[in-house]
Each structure stands twice: as C-alpha cells, then as structure tokens.
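K.L.:
Chain by chain, the residues:
Number of protein chains: 2
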Amino acid sequence: MRVKSFAAVLVSGLAMAAATFPAGSAEKKMPISLQTMGSFHVGGKIVEITGQPTREVVFSPGGVPAKVDPNGQYMVGQMYVQYFVPTPKRGSYPLLMWHGGGLTGVTWETTPDGREGFSTYFLRKGWPVYVSDAVERGRSGFAPPQVMQADPLFLTIANPFERFRIGEGAGSWNDDPAKRKVRPGDQFPVDAYMQFVKQVVPRWTTTDPMINAAYVDLLDKVGPSVVMVHSQAGQFGLMAAESRPDKVRALILLEPAGLGDPEQVAKLKNVPILAVFGDYIEQDARWPKIRQNAYDFFDKIRAAGGKVDVVNLPQIGIRGNSHMLMMDKNSDQVAGVVQDWLAKQKVWK
Amino acid sequence: MRVKSFAAVLVSGLAMAAATFPAGSAEKKMPISLQTMGSFHVGGKIVEITGQPTREVVFSPGGVPAKVDPNGQYMVGQMYVQYFVPTPKRGSYPLLMWHGGGLTGVTWETTPDGREGFSTYFLRKGWPVYVSDAVERGRSGFAPPQVMQADPLFLTIANPFERFRIGEGAGSWNDDPAKRKVRPGDQFPVDAYMQFVKQVVPRWTTTDPMINAAYVDLLDKVGPSVVMVHSQAGQFGLMAAESRPDKVRALILLEPAGLGDPEQVAKLKNVPILAVFGDYIEQDARWPKIRQNAYDFFDKIRAAGGKVDVVNLPQIGIRGNSHMLMMDKNSDQVAGVVQDWLAKQKVWK
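If you're matching them up, the sequences are chains A and B in order.
Each position in the first sequence, counted from 1, maps to that position plus 44 in my numbering.
Each position in the second sequence, counted from 1, maps to that position plus 44 in my numbering.
Where hints are given, some of them may not hold.
No distinction is drawn between identical chains; accordingly, a pair holds when it is met within one copy or between any pair of copies.
Claimed, not checked - Listed next, the in silico PhoX-like pairs over lysine-lysine satisfying Cα-Cα at most 25 Å (straight line):
no., residue 1, residue 2
1, K72, K265
2, K291, K344
3, K89, K225
4, K265, K73
5, K223, K89
6, K225, K393
7, K133, K73
8, K133, K169
9, K265, K373
10, K265, K89
11, K388, K313
12, K169, K73
13, K393, K133
14, K291, K169
15, K313, K73
16, K333, K111
17, K390, K72
Keep in mind the hints are simulated off the structure, nothing from the lab.
Since the structure is predicted, the reported quantities are computational estimates derived from the model, not experimental observations.
Working from the sequences, and respecting the hints, build out all of it.
P.N.:
What follows is the structure, encoded as structure tokens:
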C-alpha cells in the first residue's frame with residue numbers, strides 16, 4: 045500500500061436489515077421449473093511469476109508464521125458464469141446478462157428491496173439465463189498485482205447514490221436518511237439503498253482486454269445467444285458482437301456507458317440492438333453526454349446498415365428510473381419493455 | 045505493491061475447455077421445482093477513511109484522467125448469500141453451505157468435470173439451500189487496504205493439487221499432465237483440474253473476525269438451520285454454533301481444517317455433529333495432524349456432553365477421496381452419507 049496515513053473509523057456496527065427476506069411476494073408466484081442449473085468458468089490463461097522474495101505469513105491470528113513462496117504459475121483472467129435452464133424453454137437462445145462497473149452478476153438477482161430481479165423475471169419467461177461476473181470481480185477472482193498492474197478502486201457509499209441518478213446528483217447523499225435528496229417519483233428503492241451498496245465490489249481500470257477476451261470465450265462456448273448488458277458492459281457487449289456477430293442474435297444495451305469500436309460497426313449490421321435509458325438524464329451533469337455518445341455510435345451503426353431501437357422510458361410514459369433500472373420499483377415493467385422487443389425480434393416463442 | 049521485480053510470462057493463452065457444458069447427464073434428470081430463488085447480503089458495517097490524497101485515475105486505456113478522492117464512508121464486511129427454496133420442501137431447516145479457504149460458494153456448485161454438485165444434490169432432496177461467499181471473497185467483495193491491513197495471498201496452480209490430496213503431495217504437480225503424480229484410485233477428476241483452479245480466489249489472513257461475524261448474522265437472519273462447512277470453514281461453523289447453539293440444528297464438518305473455541309465446547313452439547321474425512325490421510329505430510337487436532341476437539345465436545353459422529357470414508361468402503369470430496373467423481377455417494385445421517389437426526393422427512 046502506498047498510502048501511509050489513514051483513519052478507519054467505525055461509524056456503525058449495525059448491519060442494515062434487508063427490506064425483506066425471501067420476498068413474500070415472490071413466494072406467492074408459480075414455482076420455477078428448471079431442467080438444469082450450475083456454473084462454470086470460461087477463459088483464463090496461465091502466467092508465471094518469478095523473482096519474488098518468500099514472505100512470512102501468519103494464516104490465523106496468533107498462529108505460527110509459515111513461509112510462502114509466491115513464485116510459480118497462476119491462472120488469471122477466467123470468468124465465472126452461473127446458468128439456469130428452465131423447462132419448458134421459450135427463448136430461442138441463451139440469454140447472457142453482463143453487469144456494469146463496480147458490480148457483479150448480483151445486479152440481476154433479487155432487488156435491494158427483496159423482489160425478484162431480472163434474472164428470475166426472464167427465467168420465468170422461459171429464457172435459459174446465464175449470469176456472469178466480469179473478470180477480476182466476484183466469483184471470477186482477481187490476479188496477483190504483477191498481472192493487474194494497478195491498485196483496485198473502491199466506491200464510497202455516497203458515490204453510486206450521486207452518480208447513478210438515485211439521488212439528485214453531487215451533494216445529494218447525506219448520512220441522515222431524512223436529508224438525502226431524491227427527486228419526486230424516483231423509482232429506486234431508496235430505503236434499501238444500503239443493501240445495494242453491499243453489492244458493490246472493487247474494480248480495476250486495467251482489465252478491459254481480459255474482460256473482453258472472456259466474454260468472447262463465453263460466446264464461443266455457449267454459441268448463438270441474446271446478450272443483455274448494463275452500463276460499463278455496453279462496451280463489452282458491443283465489442284463482443286463486433287468480434288462474433290454470428291453469435292449475438294440480439295443485443296440489449298441498458299444505459300450503456302461504454303461503447304464498441306467505431307471502426308467495426310459494419311460487423312453489427314445484422315445484430316438487432318435495443319438501447320434503453322431511464323429518467324432524469326437531462327437534469328444530470330454527466331448523463332446527457334454519455335447518452336449523446338451512445339446516440340452518435342448508433343448513428344454509425346445505422347449508417348453501416350444496422351438497426352438500433354432506442355427507448356427513453358419517460359417518452360413511453362415510464363417515469364422515475366435510475367441508472368439501476370433493473371432494481372427500480374418498476375423493474376418488472378422495464379423488463380417487460382425488453383421482453384416485448386425480444387418477442388418482436390422472433391427470438392422467443 | 046512492495047515487490048519491485050517480477051516477471052509475468054504467458055505460458056498458455058489457450059483456455060482449458062471445461063470437461064462438459066451443461067452436463068449431459070444432468071439434463072436427463074428430473075426437473076427441479078423451485079418455490080423461489082434469489083440472493084442477499086448480510087452483515088457489513090460502515091467505516092470512514094480520511095486523510096488520503098486524491099488520485100488521478102484513467103478509467104479506460106487512452107481516456108482522460110479523472111480525479112478520485114478516496115476519502116469517505118465505505119461498506120465493509122458484508123457477505124453474499126444465494127438461496128434456492130425447492131417445492132416440495134423436505135428439509136426441516138435451511139441448509140447453509142460454507143466453503144473453505146481460497147475458494148467461494150462455487151465449491152458447492154457444478155463439479156469441475158461438469159456434474160451436479162452438492163448444492164443441487166441437496167436441493168433435489170428437498171433442502172432449501174443457502175450458499176454464501178465468505179467475507180472478502182467472491183460476491184461479498186473486499187474492503188480498502190486500510191481495513192484489510194494486509195495484502196491478499198494468491199495460490200499457485202500447483203498449490204491445491206499438492207495440498208488438497210489431489211496429487212501425491214509435495215512435488216506431485218507437473219506442467220505435463222502425463223507426469224502429474226496421482227495415487228491409484230484417486231477420485232478427483234484430475235482431467236478437469238484446470239477448471240477447479242479457475243475457482244480459486246485470493247484470500248486474506250486478517251479477516252477471520254469479520255467472517256465469523258457475518259456467519260452469525262446469517263444465522264440470526266435465516267433462523268434455525270443445518271450448517272455444512274468445509275476445510276477452513278470448520279472454525280466458522282463451530283464458532284457460529286458456539287455463538288448460536290439454538291440456531292444450529294445439525295452441523296456437518298467436511299474435512300475441517302479449522303476448529304472452534306475449546307473454552308466454549310459446552311455450548312455444543314445439543315448440536316448433533318458429523319465429521320467426514322476422505323482417503324490418503326495417513327500418506328499425507330499435514331493431514332494426520334489436522335485430523336488429530338479435530339479428534340482432540342471432538343473429545344472435548346464429548347467430555348462436555350455433546351455428540352460427534354466421525355466417518356472416515358475408507359473405513360466404510362468409500363475410497364479415493366481428496367480434500368475436495370464434493371468435487372470427486374463419487375461426490376453423490378459422499379453426499380449420500382451426509383444425507384443419510386441428516387435423515388437419522390430427524391431434520392429431513
């Protein structure tokens with residue numbers, strides 16, 4: 045650690061309670077019938093680390109120090125994928141769900157306030173669902189510092205609240221829940237915000253090539269798929285589709301904050317694309333520019349003969365959505381917009 | 045990073061193929077019927093970090109540097125839990141599955157060679173299954189270095205092979221698969237070893253108190269449960285049962301490498317305990333001592349009026365099991381030993 049001075053002060057030792065546990069509403073739904081379920085890792089490569097000194101490590105407090113030799117071969121760059129295959133199946137292809145920056149596949153699971161999330165929604169619609177953790181996050185693990193070549197970044201509790209249009213922007217966070225500034229009609233379950241914060245994981249800024257490679261590996265393993273991405277993963281979805289246009293039969297971009305390679309847009313001309321944006325974008329400091337970048341990229345795809353449908357939710361009467369629209373109180377309604385579009389693409393029956 | 049000299053050499057850019065994908069054998073089984081499924085995080089506390097300099101960060105290669113202020117409040121010490129509730133339910137309590145060191149909840153999922161793992165086995169038996177990632181691992185995320193107070197440890201590819209009785213011990217690993225030394229009758233799917241290595245994640249040695257606290261939080265949230273632990277989590281299972289004896293209705297210790305607080309064993313007198321050990325322990329350099337430590341701890345529990353059943357699998361004719369017995373080729377048979385014991389404890393009907 046380079047930083048020498050710090051103070052870590054315990055503000056609250058009390059865990060925030062999750063809003064509900066196993067969600068009462070979910071229990072009243074029909075059972076989910078699975079043909080199979082499981083997980084695997086794709087990608088990864090072997091690197092050899094040499095020339096490191098042996099360290100003394102105490103594995104448990106009070107234990108006997110043991111010598112640890114860090115030199116040797118390591119597996120790095122692999123990606124975790126968990127799958128659920130329903131029966132009967134109605135999706136024509138597997139539905140791959142790729143989360144955004146600072147997060148993991150948990151994005152798609154139970155919402156912070158305890159409702160069924162997107163992964164269960166689409167599973168109930170008959171889609172085989174594949175939820176992954178990007179390389180270096182969650183159950184994908186991360187590599188030794190010699191491979192990562194940087195320290196990870198950590199998000200403060202305030203950061204997503206102010207940056208993801210949950211609060212009103214910079215300065216909207218406050219330790220006192222009563223003083224947090226939220227726009228009228230905000231659909232994010234702000235009372236369960238601390239449950240969302242627990243989903244946040246560290247990220248590196250040096251791993252885009254490894255992440256890209258693993259997503260292409262996933263497409264090569266699973267075969268033709270429908271890909272749904274969020275935020276940072278906009279770039280991974282578009283770049284993977286540019287690399288494997290035959291294997292992405294439809295691409296859903298939920299508030300994409302990253303984009304593909306503009307030199308490769310012609311590869312996307314046969315990939316149906318849907319982009320979905322939430323509310324409050326005009327009032328935000330950053331999102332008008334982020335959305336405009338996406339619009340410009342879509343124009344390039346269209347100029348190359350491709351097709352991009354854009355839905356700004358407020359324009360179809362769905363108001364109040366944050367950047368985390370799969371967690372918002374109207375998440376089922378947002379999922380329905382995507383599901384209806386997929387049905388029109390004839391990849392669901 | 046303190047280490048200045050290193051060499052990271054790409055040995056192989058080719059991903060090792062998973063042995064199977066969605067396992068053919070699994071697809072022939074009966075569908076799994078779920079009442080509900082989802083995930084949540086338990087535990088966690090808020091810490092405040094102050095006095096750190098602002099850093100310049102380039103988020104994407106070639107991008108514009110942005111100033112990042114690391115000072116502020118962080119959520120740390122939370123734990124991820126994923127649950128599957130079957131219908132009909134036959135387990136009288138939720139079955140909580142706690143993995144070992146350097147690993148995550150993936151331990152319990154699909155085996156490295158693509159068969160259904162313990163979590164699906166017990167789900168099919170009608171147990172509500174709760175699989176967690178210990179604090180600082182997997183989808184639980186990890187905290188800034190000021191909280192962790194140490195660098196993480198990384199396992200080489202060779203390490204688990206030689207230490208988990210997959211190979212014959214120290215020196216049994218070889219880059220050439222044909223030269224790896226495996227004992228006759230070894231049940232670990234050694235051809236899929238690289239898939240197992242991809243499950244390995246970094247671990248810290250400073251986090252036992254945080255992990256313990258989160259497991260107790262989990263029991264407080266879920267209520268009376270059956271707890272199944274592996275390896276390092278032996279200590280977490282026993283210490284959680286000592287803290288909440290009324291909430292652990294049965295405890296299964298699979299090759300426990302860590303133990304509880306010997307001063308608290310009297311708390312365990314009404315907790316039925318099963319310990320299971322695999323094969324090749326006598327031939328190993330470390331495992332005779334690790335098992336003897338467990339035996340000594342069990343004697344203390346018995347002296348305090350408690351009950352511990354010990355199964356050494358070779359003594360009941362089940363041979364060839366490694367430390368990762370939930371991944372071995374006969375994993376269903378090992379699960380059956382546990383399931384039969386649970387049925388005898390009258391916590392399954």
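K.L.:
Does each hint hold? Answer for all of them.
P.N.:
Taking the hints in turn, this is what the structure says about them:
In the homo-oligomer, the alpha carbons of K72 and K265 lie at most 25 Å apart only across protomers (21 Å), although the nearest pairing inside one protomer, at 36 Å, exceeds that limit. Only within a single protomer do K291 and K344 lie at most 25 Å apart by alpha-carbon distance; the minimum there is 21 Å, versus 60 Å between protomers. Within a single copy, K89 and K225 get their C-alpha atoms only as close as 46 Å, which misses the 25 Å cut-off; across copies the closest is 23 Å, which meets it. In this assembly of identical chains, the alpha carbons of K265 and K73 lie at most 25 Å apart only when taken from different copies (23 Å versus 33 Å within one copy).
For a Cα distance limit of 25 Å, the shortest separation of K223 from K89 across copies, 20 Å, qualifies, whereas the shortest one inside one copy, 49 Å, does not. Proximity of K225 to K393 under the C-alpha cut-off of 25 Å is found in neither arrangement, the shortest distances being 43 Å within a copy and 52 Å between copies. For the identical chains of this complex, K133 and K73 are neighbours both inside a copy (18 Å) and across copies (16 Å), given an alpha-carbon limit of 25 Å. In this assembly of identical chains, K133 and K169 lie within 25 Å of each other by CA distance both inside one copy and across copies; the values are 8 Å within and 24 Å between.
With identical chains, the CA atoms of K265 and K373 are at most 25 Å apart between copies only, with a shortest distance of 24 Å across copies and 35 Å within one. In this assembly of identical chains, the alpha carbons of K265 and K89 lie at most 25 Å apart only when taken from the same copy (16 Å versus 40 Å across copies). Proximity of K388 to K313 under the C-alpha cut-off of 25 Å is restricted to the intra-copy arrangement: shortest distance 18 Å within a copy versus 62 Å between copies. Taking the closest pair of Cα atoms, K169 and K73 come within 25 Å of each other both inside a single copy (13 Å) and across two copies (22 Å).
In this assembly of identical chains, K393 and K133 lie within 25 Å of each other by CA distance solely inside one copy; the values are 9 Å within and 32 Å between copies. For the homomeric pair K291 and K169, the shortest alpha-carbon distance inside one copy (22 Å) is at most 25 Å, but the shortest distance between copies (37 Å) is not. Taking the shortest Cα distances, K313 and K73 never come within 25 Å of each other, neither inside one copy (40 Å) nor across copies (41 Å). Taking the closest pair of Cα atoms, K333 and K111 come within 25 Å of each other only across two copies (19 Å); inside a single copy the shortest separation is 52 Å, beyond that limit.
In this assembly of identical chains, the alpha carbons of K390 and K72 never lie at most 25 Å apart, being 30 Å within a copy and 28 Å across copies at closest.
In this structure, the hints that do not hold are numbers 6, 15 and 17, in rising order.
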